[in-house]
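Now for the letters of each chain:
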Amino acid sequence: MSRPEPVQVIKQRRDATLRALHEGVPYFRWLGIVFDRRGDELTAVLPYDDKLIGNPILPAIHGGVTAAFLETTALVELGWATVWPEIESGAMTPEQIDLNTVRWMPKTIDFTVDYLRSGLPRDAYARARVNRSGRRYASVHVEAWQDNRARLFAQATGHFLMPGPDG
Amino acid sequence: MSEDRAAKLAKQFIEAIPYARAVGMSLTEVSDGTACGIMPYDAKLVGDPRTGVIAGGAVSALLDTCGGAAVMSHASAPAGTATIDLRIDYMRPATPGQAIRARATCYHVTRSVAFVRAVAHDDDGDRPVATATGAFTVERGRMRRAPDYAPSDGGETP
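Respectively, the protein sequence lines represent chains A and B. Offset between the first sequence (1-based) and the working numbering: plus 196. Offset between the second sequence (1-based) and the working numbering: plus 77.
Incorrect hints may have been included.
[Claimed, not checked] A few chain A positions that, by computed beta-carbon distances, are all more than 10 Å from chain B: (1) 200; (2) 204; (3) 206; (4) 232; (5) 233; (6) 237; (7) 243; (8) 247; (9) 281; (10) 282; (11) 284.
[Claimed, not checked] Here are a few chain B residues that face chain A, going by a calculated C-beta distance under 8 Å: (12) 123; (13) 132; (14) 135; (15) 141; (16) 142; (17) 194; (18) 202.
Since the hints were made in silico from the structure, they are not lab data. No residue lacks a Cβ here, since even glycine has one placed at the ideal position from N, Cα and C.
When you get a sec, could you build the whole thing from the sequences and use the hints?
Put into structure tokens, the structure is as follows:
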């Protein structure tokens with residue numbers, strides 16, 4: 197029986213995969229979105245920045261920024277769930293994703309955001325759940341919160357077109 | 078509302094929104110429940126580095142901003158507004174290098190809710206890049222935001 201891989205090797209491979217999925221996208225980087233990973237569980241983090249404000253009187257995060265943050269979370273989760281088995285089995289390396297940043301990336305068909313409360317001027321977090329993922333279409337739900345995990349400030353559902361073999 | 082006043086209010090509205098300033102968004106026309114805006118092409122808005130296509134999220138933000146402006150410019154003169162929900166349908170990738178233009182119409186207003194439709198184009202005005210439908214809150218009475226033309230986004234819980 198072969199020995200299990202050293203934990204550092206596994207972590208390095210998974211972290212490199214995650215970076216490859218989002219770091220190459222200029223808009224994600226400009227918004228400042230980063231991801232926390234625990235095993236295969238991802239949490240998107242939107243660190244507060246003044247440029248994200250949509251209402252300076254309250255002040256509150258721009259609704260469009262909230263929508264973009266949730267959509268990013270859904271896209272990266274979908275990409276992550278798609279490449280995970282291939283990365284873990286060794287069929288694919290993180291470098292292969294990096295070279296071809298967008299091959300994995302689904303296309304958004306539609307995205308519906310519910311604004312539950314105003315986005316406060318502080319860090320925001322989001323997690324996505326892939327409710328259905330077929331060969332062509334996927335449905336993803338996303339929840340976002342700030343201080344309190346149980347008090348969502350926004351949630352969203354989106355449908356996505358999965359990349360084809362040549363896509 | 079006179080044209081001068083509308084133009085002034087549109088400028089104030091957009092300049093008060095840090096995000097809109099950061100991406101260079103501006104309103105080109107605002108009157109009686111309709112708002113048109115433009116967002117220049119910028120490398121930082123790209124969602125697909127392989128092709129240079131603008132990220133869907135960046136287009137959503139433009140549609141949302143124009144939606145809020147359309148509500149504020151409605152004849153019923155709301156004191157403020159916030160997005161309740163917004164659905165975006167993405168028709169096709171925007172052509173790289175071209176600005177995105179959006180036109181939002183507030184087509185019905187009740188005492189507490191405004192209904193909005195919006196469409197986004199690039200230089201090809203016949204084939205939409207994205208469309209949106211949304212519901213926005215309508216704040217009445219005492220003003221809780223900037224006078225005249227408050228930024229619409231992220232208001233209190235509907």
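Hint by hint, here is what the structure shows:
1. 200: For residue 200 of chain A, whose nearest Cβ neighbour in chain B is about 36 Å away, the distance exceeds 10 Å, so it holds.
2. 204: Non-interface label stands for residue 204 of chain A: nearest chain B Cβ at 29 Å, farther than 10 Å.
3. 206: The assertion about residue 206 of chain A holds, with a minimum of 28 Å to chain B.
4. 232: 20 Å, holds
5. 233: 22 Å, holds
6. 237: The claim stands: residue 237 of chain A keeps its Cβ more than 10 Å from every Cβ of chain B (closest is about 23 Å).
7. 243: 15 Å, holds
8. 247: 4 Å, violated
9. 281: Non-interface label on residue 281 of chain A holds, nearest chain B Cβ at 24 Å vs cutoff 10 Å.
10. 282: Correct as stated: the minimum Cβ-Cβ distance to chain B is 20 Å, above 10 Å.
11. 284: Since the minimum Cβ distance to chain B is about 25 Å, residue 284 of chain A lies beyond 10 Å and the statement holds.
12. 123: 4 Å, holds
13. 132: 4 Å, holds
14. 135: 6 Å, holds
15. 141: Since the shortest Cβ distance to chain A is 4 Å, the answer is holds.
16. 142: 6 Å, holds
17. 194: Violated - the Cβ of residue 194 of chain B stays beyond 8 Å from chain A, reaching only about 14 Å at its closest.
18. 202: Constraint on residue 202 of chain B not satisfied, violated at 22 Å.
Violated hints, in rising order: 8, 17 and 18; the structure is consistent with all others.
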